[in-house]
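If you read the sequences in order, they're chains A and B. In our numbering, each number is its position in the first sequence, counted from 1, plus 889. In our numbering, each number is its position in the second sequence, counted from 1, plus 7.
Incorrect hints may appear among the rest.
Have a look at the derived ranges for each label pair, beta carbon to beta carbon [claimed, not checked]:
1) Leu101(B) x Thr1221(A): 44 to 54 Å
2) Asp1367(A) x Pro71(B): 52 to 62 Å
3) Pro57(B) x Ala1207(A): 34 to 44 Å
Hints in this document: simulated from the structure, not taken from any laboratory. Computed from a predicted structure; not experimentally measured. Cβ atoms here follow ideal geometry from the backbone N, Cα and C, with glycine treated the same way.
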Amino acid sequence: MTDNPTPSATTTAAATTTAAAATGAAAATDVVHLTAAATAAAIAAGELSAVEATQAALDRIAKVDDTIHAFLHVDAEGALAAARSVDERRAAGERLGPLAGVPLALKDVLTARGMPTTCGSRILEGWHAPYDATVVSRLRAADVVLLGKVNMDEFAMGSSTENSAYGPTRNPWDTTRIPGGSSGGSAAAVAALEAPLAIGTDTGGSIRQPAAVCGLVGVKPTYGGVSRYGLVAFSSSLDQAGPLARTVTDAALLHAAIAGHDPLDSTSVDVPVPAVVAAAGRRDIRGVRVGVVRELAGDGYDPGVEAAFTAAVETLTALGAEVVEVSCPHFTYALPAYYLIAPSECSSNLARFDAMRFGLRIGDDGQAGAEEVMSRTREAGFGPEVKRRIILGTYALSSGYYDAYYGQAQKVRTLISRDFSAAFEQVDVLVSPTTPTPAFPLGAKVDDPVAMYLSDLCTIPSNLAGGPAMSLPAGLVDGLPVGIQIMAPPFADDRLYLVGGALEEALDARRGHPLLDEAPAL
Amino acid sequence: MGITRDEVAHLARLSRMSVTDDELDALAPQLEAILSAVARVSEVAAADIPPTSHAVPLTNVFRPDVARPSLPAAEALAGAPATEDGRFRVPRILDPDE
Chain A
890 MTDNPTPSAT TTAAATTTAA AATGAAAATD VVHLTAAATA AAIAAGELSA VEATQAALDR
950 IAKVDDTIHA FLHVDAEGAL AAARSVDERR AAGERLGPLA GVPLALKDVL TARGMPTTCG
1010 SRILEGWHAP YDATVVSRLR AADVVLLGKV NMDEFAMGSS TENSAYGPTR NPWDTTRIPG
1070 GSSGGSAAAV AALEAPLAIG TDTGGSIRQP AAVCGLVGVK PTYGGVSRYG LVAFSSSLDQ
1130 AGPLARTVTD AALLHAAIAG HDPLDSTSVD VPVPAVVAAA GRRDIRGVRV GVVRELAGDG
1190 YDPGVEAAFT AAVETLTALG AEVVEVSCPH FTYALPAYYL IAPSECSSNL ARFDAMRFGL
1250 RIGDDGQAGA EEVMSRTREA GFGPEVKRRI ILGTYALSSG YYDAYYGQAQ KVRTLISRDF
1310 SAAFEQVDVL VSPTTPTPAF PLGAKVDDPV AMYLSDLCTI PSNLAGGPAM SLPAGLVDGL
1370 PVGIQIMAPP FADDRLYLVG GALEEALDAR RGHPLLDEAP AL
Chain B
8 MGITRDEVAH LARLSRMSVT DDELDALAPQ LEAILSAVAR VSEVAAADIP PTSHAVPLTN
68 VFRPDVARPS LPAAEALAGA PATEDGRFRV PRILDPDE
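Looking at chain A on its own, in the form it has when it is part of the complex (with noise of 0.2 Å):
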């Protein structure tokens, strides 16, 4: 690793609650406002103790995730004897790494030991894995506790988290809407202040999405940067894991701890972690060029979010930026591509889920056969979503249409890498909304999958070429929080965090405040 993490509770408290908040008293409430540097930064100073910080969580949950149901399963014993360690081992003079005893809320598409996965899924209701994902290896070495695991679109596949069999997750901000998805537990958990830190995936947008749209900063980082051993397949040369977070510098922290090679995953790549924490810290953008991507505005992008991206791009500029437009003509291509890429992904990767070796399994009469059983056992397992995509993966990998969709799909990806390579000679970042519009009502696209597929416009190139993406808060629309995107070439995740760790400064200095403290009381 070649950072050197040492969190700032000066600057990364900011506004907000700071450590000498917890202090003395401690009380619970002013506890879970404090951000995941803040948190480390008090238990280190021996001003608050991890199981204070873990209790104060567990609490939170009990009181507001009736309301918010980010949470599918809560592991408070496992979580305070991980507290209690942490504890015991900073009495006893051991130094701690830059998250101990920081609670964490985990997506339920990643296996830990001692606690379900699900994915969200009938089919896989109660299966406990057997081993720990290395994200969840590596956040346990980082003495980071685990709370438990929360909510998600089924198998990764939405942008509402609608689509879990578990019931719909509500967006704090407004708990009629969507917290999005599928990492739409996750960011309602952090927003909800029921955790810091969540760790999400993003295949799509299922990270920055989530967060855009409950006000949060989240990361995908650069495919290959983090491993995704554990991680259930979706689409597997799309997935990626990644944090969430209430702070630049928070997310700085849980991607340093979580990213870095890893042998068990054959696509991670053997590259040192730029160092995410330092440019999080820097908070200088002068000279820095900024690409505004101009495929991604106009037709279908709310007024609102245009207005506060505009806005935000104006505070780059006086923050010494160097803003251009840039053009990235296949982009509009990209939506298709991926609807057509990650469910044929999909098709082959969830054919794992067959009734023999784990999970589910309807009709086994001791006369019915194994594909018999199958058919029942995914028709009984699987929603609607993960139907349509099975089967959409199906028919776009099928002899005589395979050219036509799947080989074509796979062409336009070239195309938009092109466009990056393209545009990083001329910039150092891309930025643009990171949704065309805010949180929409539950249950209103539901039924009309090609406008809940728009939601990923803006999203999904990253994906594609593989490059990391940050969406962090810009603004409110009508109460609802919008974000803007940033973009950077693969393995330049640094730039990123430079870049966002300046616009937040500066847009919090101007409202007075980080954005999450205009969310309404729970």
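Could you slot chain B onto chain A? The hints should help.
Structure of chain B alone, referenced to chain A:
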């Protein structure tokens, strides 16, 4: 290019997924709408554009061929729907009439 109810039923069979008549009624028009929205991929990519299957230029990643500990059988079987004699127990895979 249309997609018929019969084609959807065929694709569901290929996917080893039973579907009800109601599901077929809903799926056929939805898949039709999705396919017409994604068909635009054929507009841009010329024959000389190479396909990209993967964003990272890695091929044939090998590890050293050395034995290492694996999951104990009992743990590997712990989540199975049915087991027998330390193995996965599965429904019959051959048709008795064949």
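Exercise. Hints broken by the structure, by number, lowest first?
Worked result: When the structure is compared with the hints, none of them turns out to be violated.
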